[in-house]
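Since the structure of chain H is already known, use the hints to place chain U on it.
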Amino acid sequence: MLQVENLHVSYGGIAAVRGLSLTVAAGEVVAIIGPNGAGKSTTLAAIAGGVSPREGTITYGGMGITGRRPEDIARMGVSLVPEGRHVFATLTVEENLAIGTYMLGHRSKTSADVAAVLERFPRLQERRHFPAGRLSGGEQQMLVIARAMLTQPKLMLVDEPSLGLAPLIIDQVYDILLDLRRRQGLSLLIVEQSTSRILKHADRIYVVRSGAVQLVDRAQALKDGEAIKRAYFGFEEVRA
Amino acid sequence: MINLAQNLIDALSLGSLYALVALGIGLLFSILRLINLAHGDFITVGAFALIVPSMEVTAQLAIGALNPVLLIPSIALIVVIVALMTDWAVFRPLRRAPQPSMMIASFAVSYIIQNGLIMIYGARPKNVNLWPALTGQLSIGPLRIATLQIVTIVVTLVLMAGLALFLKRTSYGIQMRAAAEDFRMARYLGVRGNLVIGMAFGISGALASAVSLLFLSQTGSLETGLGVPLALFGLVAVVIGGMGSLVGAVVGGFLVGFIVTLLQAYLPPDLRSFRDAFAFTFVIAILLWRPAGLIRAKAFDQRV
Numbered sequence: 041m042l043q044v045e046n047l048h049v050s051y052g053g054i055a056a057v058r059g060l061s062l063t064v065a066a067g068e069v070v071a072i073i074g075p076n077g078a079g080k081s082t083t084l085a086a087i088a089g090g091v092s093p094r095e096g097t098i099t100y101g102g103m104g105i106t107g108r109r110p111e112d113i114a115r116m117g118v119s120l121v122p123e124g125r126h127v128f129a130t131l132t133v134e135e136n137l138a139i140g141t142y143m144l145g146h147r148s149k150t151s152a153d154v155a156a157v158l159e160r161f162p163r164l165q166e167r168r169h170f171p172a173g174r175l176s177g178g179e180q181q182m183l184v185i186a187r188a189m190l191t192q193p194k195l196m197l198v199d200e201p202s203l204g205l206a207p208l209i210i211d212q213v214y215d216i217l218l219d220l221r222r223r224q225g226l227s228l229l230i231v232e233q234s235t236s237r238i239l240k241h242a243d244r245i246y247v248v249r250s251g252a253v254q255l256v257d258r259a260q261a262l263k264d265g266e267a268i269k270r271a272y273f274g275f276e277e278v279r280a
Numbered sequence: 009m010i011n012l013a014q015n016l017i018d019a020l021s022l023g024s025l026y027a028l029v030a031l032g033i034g035l036l037f038s039i040l041r042l043i044n045l046a047h048g049d050f051i052t053v054g055a056f057a058l059i060v061p062s063m064e065v066t067a068q069l070a071i072g073a074l075n076p077v078l079l080i081p082s083i084a085l086i087v088v089i090v091a092l093m094t095d096w097a098v099f100r101p102l103r104r105a106p107q108p109s110m111m112i113a114s115f116a117v118s119y120i121i122q123n124g125l126i127m128i129y130g131a132r133p134k135n136v137n138l139w140p141a142l143t144g145q146l147s148i149g150p151l152r153i154a155t156l157q158i159v160t161i162v163v164t165l166v167l168m169a170g171l172a173l174f175l176k177r178t179s180y181g182i183q184m185r186a187a188a189e190d191f192r193m194a195r196y197l198g199v200r201g202n203l204v205i206g207m208a209f210g211i212s213g214a215l216a217s218a219v220s221l222l223f224l225s226q227t228g229s230l231e232t233g234l235g236v237p238l239a240l241f242g243l244v245a246v247v248i249g250g251m252g253s254l255v256g257a258v259v260g261g262f263l264v265g266f267i268v269t270l271l272q273a274y275l276p277p278d279l280r281s282f283r284d285a286f287a288f289t290f291v292i293a294i295l296l297w298r299p300a301g302l303i304r305a306k307a308f309d310q311r312v
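Residue numbers (our numbering), protein chains in the order written: chain H, 41 to 280; chain U, 9 to 312.
Honestly, I wouldn't trust all of these hints.
[Stated by the list, open to error] A partial selection of chain H residues facing chain U, derived with a Cβ cut-off under 10 angstroms:
id	residue
1	Thr106
2	Pro110
3	Glu111
4	Ala114
5	His126
6	Ala138
7	Thr141
8	Tyr142
9	Thr150
10	Ala152
[What the hints assert, rightly or not] Interface residues of chain H toward chain U, partial, derived using beta-carbon atoms under 7 angstroms:
id	residue
11	Pro75
12	Arg115
13	Leu120
14	Phe128
15	Leu131
16	Glu135
17	Gly140
Source of the hints: derived by calculation from the structure; they are not laboratory data.
As the structure is a prediction and not an experimental result, all values here were calculated from the model.
In this text, a Cβ means the ideal position worked out from N, Cα and C, and glycines have one as well.
The shape of chain H in the complex, shown without the other chains (with noise of 0.2 angstroms):
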């Protein structure tokens, strides 16, 4: 469903992601993990069309997105959960949610999709007439992935689902991310600094560093953690 080859991204001459290739089947869910500043969150900005890639190629359900707008891949069916929750702070909760039906156009019924997706989240629903910046961090998390869902994406792309937020909370959204594979068979790529958690519900991990892919295999050949070790920080343990 999505393939990246040998992306390479600068900021202004400095280097995020050089050479990292990855991809995601259909109905995957695939996990991104490393140290800060490995690249990760860049990666999944070029996916999604945010910021252009200075070489490489992405291919999405056959096609060629390299250097597309973010608008144009949102509407083929790939929607970007940012990091740090971009709720629309002066926008009501229903606004905010009905901001991911405009681009549906026929297909969608604004209010009745909106409905829908409200009765998933309760605390949404009670809050619908609520400026979103006044919710609070895990609200926030549940709107934005709820808005992303309003999109009717394929694949999702989830950037640190888990930061800031209570490890009740971070199990709910879990929950919702995962339930939606299973319904409707969403693929998911997510990016995470934490490994515990992201071994446990993903299939495949890639482990990336310095802007490139370290290590990459099924989440189940990698539950002893000696190896994401080595490749997350770069260097064999030294034991006495």
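Leaving out everything else, chain U in the frame of chain H:
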């Protein structure tokens, strides 16, 4: 007492004009982070579009001779087209350029429009008598109010209400508000960047055309620099209102109108010619008190 009421109506009417100008500038700023120094020249274009293009000193009305039902949409359409063409030819190629570059480009657009008008219409001011019926006065008790002032205030209120309804109730309006807050995120959700920016230019142009007609009816004098002082006061209104906040732009517009009118009325006669210097002293005082403007918009980052 009567004097005070009279001055307040003067202030409201002038403030209305400034508020319309400030809305046009503020709307573009909120979406594109562009300080459009050519906004005043959009206003000038709307005024010149009323007459037959010629170097003659006596102006001959063309569109200006039409029935208002045709005249108003025609002028609005012309200014909207000029605004959209400016976006397409100048600002679209500069989408990823830094803010100062865009501002300088708008300065260039301003000069190009002014000089273009001089080439077509000549540099000498022309007298235009638009809508003489509006120059009458209404008497309410001892109070005498120019019809044009009432029209200005009412038109401004109607346009502001229309814009507010558009932004709150329509899908395009909600998309514009989302884009004003977080342009990139809006695009990740499928909001078309160029469409939203085009709408902002279009609405800005339509507001400018309303100012063209109201202002020209008041002054009756057509000159190529007509919109420049309006844009200056409008820009000042946007800054003291709080950049990026449309409510702030309106508040700023009325405030500037009040300051200027009341200074004109109550300054000692021999200081009146320095009115604008006093007005800007007030502006500096307001900015010292609230450097981010009266109504703080959500912190805005550079849009890319």
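Here's how the hints hold up against the structure:
| no. | hint | in the structure |
| --- | --- | --- |
| 1 | Thr106 | violated, 17 angstroms |
| 2 | Pro110 | holds, 4 angstroms |
| 3 | Glu111 | holds, 5 angstroms |
| 4 | Ala114 | holds, 4 angstroms |
| 5 | His126 | holds, 4 angstroms |
| 6 | Ala138 | holds, 6 angstroms |
| 7 | Thr141 | holds, 9 angstroms |
| 8 | Tyr142 | holds, 5 angstroms |
| 9 | Thr150 | holds, 7 angstroms |
| 10 | Ala152 | violated, 15 angstroms |
| 11 | Pro75 | violated, 25 angstroms |
| 12 | Arg115 | holds, 5 angstroms |
| 13 | Leu120 | holds, 5 angstroms |
| 14 | Phe128 | holds, 5 angstroms |
| 15 | Leu131 | holds, 6 angstroms |
| 16 | Glu135 | holds, 5 angstroms |
| 17 | Gly140 | holds, 5 angstroms |
Of the numbered hints stated above, those contradicted by the structure are hints 1, 10 and 11, listed in ascending order.
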